[in-house]
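Work out the full structure: start from the sequences and follow the hints.
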Amino acid sequence: MPPVLSIKNLTKTYASGLCALKNINLAIDKGEIFALLGPNGAGKTTLISIVCGIVTASEGQVLAGGHDIVSGYRAARSMIGLVPQELATDTFETVWATVTLSRGLFGRRRDPGYVEKVLRDLSLWDKRNDRIMTLSGGMKRRVMIAKALAHEPEILFLDEPTAGVDVELRRDMWTMVRGLRERGVTIILTTHYIEEAEEMADRIGVISKGELILVEDKATLMKKLGKKQLTLQLLEPMGAIPAGLSRWPLALRSEGHELEYSFDAGGDRGDIPALLRTMGELGIGYKDLNTRQSSLEDIFVSLVSERAGHAGGAEARS
Amino acid sequence: MSGLTFNRRGVWAIYCFEMARFKRTLLQSLVTPVISTALYFVVFGSAIGTRMSQVGGVPYAAFIVPGLIMLSLFTESLSNASFGIYFPKFVGTIYELLSAPISSSEIVLAYVGAAASKSILLGLVILGTAALFVPIHILHPLWMIAFLVLTAANFSLFGFITGIWAKNFDQLQFIPMLVITPLTFLGGAFYSIDMLPPAWRTVTLFNPVVYLISGFRWAFYGTSDVGVGISLGMTLGFFALCLALVAWIFRTGYRLKN
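These protein sequences, in sequence, are chains R and B.
Position 56, counted from 1, in the first sequence is what the numbering used here calls 56; the numbers after and before it change by one each time, with no gaps.
Position 173, counted from 1, in the second sequence is what the numbering used here calls 173; the numbers after and before it change by one each time, with no gaps.
Treat the hints with care, as some may be off.
No more than 27 Å apart at the CA atoms, straight line, and that leaves these computed lysine-lysine pairs for BS3-like [claimed, not checked]: (1) R/K218 x R/K8; (2) R/K140 x B/K23; (3) B/K167 x B/K89; (4) B/K167 x B/K257; (5) R/K218 x R/K228; (6) R/K224 x R/K22; (7) R/K223 x R/K30; (8) B/K89 x B/K23; (9) R/K30 x R/K117; (10) R/K140 x R/K127; (11) R/K227 x R/K287; (12) B/K89 x R/K140; (13) R/K218 x R/K22; (14) R/K8 x R/K22; (15) R/K8 x R/K30; (16) R/K127 x B/K23; (17) R/K140 x B/K257; (18) B/K89 x R/K127; (19) R/K117 x R/K140; (20) B/K257 x R/K8; (21) R/K30 x R/K224; (22) B/K257 x B/K89; (23) R/K140 x B/K167; (24) B/K257 x R/K22.
Facing chain B, a subset of chain R residues (Cβ under 10 Å, in silico) [to be verified]: (25) A15; (26) S49; (27) G53; (28) M79; (29) K147; (30) H151.
So, partial list: chain B residues that the calculated Cβ filter (under 10 Å) puts toward chain R [what the hints assert, rightly or not]: (31) R9; (32) A13; (33) I14; (34) A20; (35) P88; (36) V91; (37) Y95; (38) G253; (39) N258.
It should be emphasised that the hints constitute simulated quantities derived from the structure, not laboratory data.
From the three backbone atoms N, C-alpha and C, an ideal C-beta is built for every residue, glycine too.
This is how it looks when you write it as structure tokens:
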């Protein structure tokens, strides 16, 4: 099956000379949840804005459902819904009016029943006749999601959907995203909350300084780059690591009270029993132990800082 | 959806949305101009008009009616249309318009259509108000309507351009306050330009508003400062100029897109 969204050699240089995106290539499959990670100013919002028609690309091509976003913009944009990062609402209008407008703008027939369903799903039904300016920030965020869903998009962009959002709304949002995916909607989200990507995404792309530096299945990424750590709390503090344990990459922590062993999640797991056995033979006792798998956050930070190490330079704006 | 060539639902949605705002502010939208029209009648019609008797065979109070309607038509079309497109830019909701499957000409049609509809309605209300003060007869009703619609469309289009150009509310006020009001007052809204000294009369002919008011007044009373054909030509010419400017704005993304 061809990808639902295909981005080829996409480059964006702003009038100021700032190169926000450098030769981006990306294909998104139908029905997947794709998380785009990257520090502030990496180019995430620029990428989304180009696909949605808000920013004009300098070079390259984007196809949505096989339709070119420039020459076939009507068909392409009809498929796409966008929840932008900034809260921008028609403050003087009612929730109902603004969501109805969105549906019409995208060329859809009036359907009060569908709009009602969207509003109910987002717990906005009771607020339908309220002016948007009377709503709380979280409610306004829900209104923006309702607007994006009003025309039944097949591809949904969520630009930092949970930034500054309370726990309840974040949970609702995750439930909604899963529900949409079950209906075959493709979801592309950008986020700072790495646990969000870890929890939700099927695939992860990391963007830094306008370059897509990595695209990988989340599971593969975790396996490939994930580190595991075994920490042993020792009965007696140790001054130095005994020569008998030099086979393992060990480090002493907490002034010798803890022994830390780092290893690749996929690789030499079998060494733990051997390490513990050897420690027993050497008479090193421990009272507790725990293991920890490095999170996507660790992976992300190490990736980005690794790049920054040899790239350097100024921050790109998003 | 792929066969969509004209997004009529999108145009209609914007039109209804804009008209709903008008309905919500109906009181200030209609009452203010009606009151100011009444004031003009008291000041110009009763106070000055009694000393002026007739202009070109028309009682002065009746003579100023087309000019008064035009004055409101200019300012209302301009402010409605400029605000209509400036506000989404200001609050950021323009993102939705730019990401919707709607062409630039459809956006213009919807916004300019709504702004023009409002000011045409308003023009008719002022005409009705004026009829309470002076007997009015319209010699060429169809031409009157044609000039009314064309002028409303013209200034709404001009207002749309101002709304896109404006970077702040001051700039939004700038054009109506500093350009339109003086041009209208100097454009023969309250007098016939024949009453001016010859030198000033020539200067006045560079004011496009003269042609609009003159044509509109001709539709009422059959007398005009300049030929009706020239009036119509100037109106259409101005319209074409605005259309070209809008086309350029959307082609380049001027102040809309990066």
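Results of checking the hints against the structure:
1. R/K218 x R/K8: holds, 22 Å
2. R/K140 x B/K23: OK: R/K140 and B/K23 at ~24 Å, within 27 Å.
3. B/K167 x B/K89: holds, 9 Å
4. B/K167 x B/K257: holds, 14 Å
5. R/K218 x R/K228: Roughly 16 Å separates the two Cα atoms, so the pair holds.
6. R/K224 x R/K22: The hint holds at about 26 Å.
7. R/K223 x R/K30: This hinted pair holds, its Cα atoms lying about 24 Å apart.
8. B/K89 x B/K23: holds, 22 Å
9. R/K30 x R/K117: Status holds; Cα separation ~24 Å.
10. R/K140 x R/K127: Judged against 27 Å, a Cα distance of about 11 Å means the pair holds.
11. R/K227 x R/K287: holds, 23 Å
12. B/K89 x R/K140: Judged against 27 Å, a Cα distance of about 18 Å means the pair holds.
13. R/K218 x R/K22: Roughly 23 Å between the alpha carbons, so the hint for R/K218 and R/K22 holds.
14. R/K8 x R/K22: holds, 11 Å
15. R/K8 x R/K30: holds, 17 Å
16. R/K127 x B/K23: holds, 21 Å
17. R/K140 x B/K257: It holds: about 25 Å lies between the C-alpha atoms, which stays within 27 Å.
18. B/K89 x R/K127: It holds: about 25 Å lies between the C-alpha atoms, which stays within 27 Å.
19. R/K117 x R/K140: Holds. R/K117 to R/K140 sits at ~17 Å (cutoff 27 Å).
20. B/K257 x R/K8: holds, 21 Å
21. R/K30 x R/K224: At roughly 25 Å apart (the allowed maximum being 27 Å), R/K224 and R/K30 satisfy the hint.
22. B/K257 x B/K89: holds, 11 Å
23. R/K140 x B/K167: holds, 25 Å
24. B/K257 x R/K22: holds, 19 Å
25. A15: holds, 7 Å
26. S49: holds, 8 Å
27. G53: Holds. Min distance 5 Å.
28. M79: Hint holds; R/M79 Cβ to chain B Cβ min 8 Å, cut 10 Å.
29. K147: holds, 7 Å
30. H151: holds, 9 Å
31. R9: holds, 5 Å
32. A13: holds, 2 Å
33. I14: holds, 7 Å
34. A20: holds, 6 Å
35. P88: holds, 8 Å
36. V91: Hint on B/V91: holds, closest Cβ of chain R at ~6 Å, below 10 Å.
37. Y95: Where the cut-off is 10 Å and the nearest Cβ of chain R is about 5 Å from B/Y95, the hint holds.
38. G253: Interface hint status for B/G253: holds (6 Å vs cutoff 10 Å).
39. N258: holds, 5 Å
In terms of the numbered hints stated before, the structure departs from none.
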